[in-house]
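UniProt numbering numbers the first residue of the sequence shown as 1 and each following residue consecutively.
In case anyone wonders, no lab produced these hints; they're calculated from the structure.
Treat the hints with caution; some may be incorrect.
[Said to hold, decoys possible] With a straight-line Cα cutoff of 25 Å, these simulated SDA-like cross-link-like pairs (lysine to any residue) come out:
{"#": "1", "residue 1": "K66", "residue 2": "A78"}
{"#": "2", "residue 1": "K107", "residue 2": "F165"}
{"#": "3", "residue 1": "K181", "residue 2": "I228"}
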Amino acid sequence: MSEPLSLLPQGNLRPRLRRRFPRIHRSALWRRLFHWRQLDFEFASWQMLYLLVSPKRVYRNIYYHKQTKNQWARDDPAFLILQVGAIVIVTAAYSIVYGVGIHGFTKALVQLLMLNFIVSGLVLATLTWFIANRFLRHQNVHATEQQAEWMYAFDVHCNSFFTFFVLSYVLQFFFLPILMKTSWISLFLGNTVFAFAGSAYFYTTYLGYHAMPFLQHQEIFLYTIPTIAIAYLASLFGFNISHHLIDYYF
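Work out the full structure: start from the sequences and follow the hints.
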């Protein structure tokens, strides 16, 4: 007599596939996107502030979120909405200063928002998600199997990019009269800001994965910082990052 279907192992195939491949769609996230009264913009603003002054506190809060809602990723798109809004506003401010008009604004927005933030974010989130699940998980046969969620990896990118964005693009905007000069001091200040912002991106990424107790050796995400330092020192011999970025966008 054949065994009941419920006892056969075939039911485990779908969960394994879900764990192995990134699942971008989250129904709860999309539902809240179209119900603005359910969005917690106050909490998202709090996260943005503390990403700049105390990012560890943000990830401690995310750990508590995991304990209560059983997922690492955000279920509220308010942070992403505010982040996109900030990118649009800052791009508009640069466009006004440089007088590039609607066409120039649209071109710069596509490059900064679509390419630098979203497309690069999809690539970096997938890469760090793969590294975390493939190489950094504790190999403990007695522990419950856990994996990093792809959506959480994208959240980590959003957090890291916000820090980078504020420290570079926003901060740079207020010092444009100084940074756009051709002196070595302008080069030094501008390149220092971008080196610090790039290092902050990978440090915030490290904190995001360090919050997951089932991972180990998360310091691998800090290995890019020495490379940034070397590139920064080399750039001081004449490569002005601020000038090249302004030429690229506008």
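We went through each hint and held it up to the structure:
no.	hint	in the structure
1	K66 - A78	18 Å, holds
2	K107 - F165	18 Å, holds
3	K181 - I228	24 Å, holds
Hint check: no violations occur; every hint is consistent with the structure.
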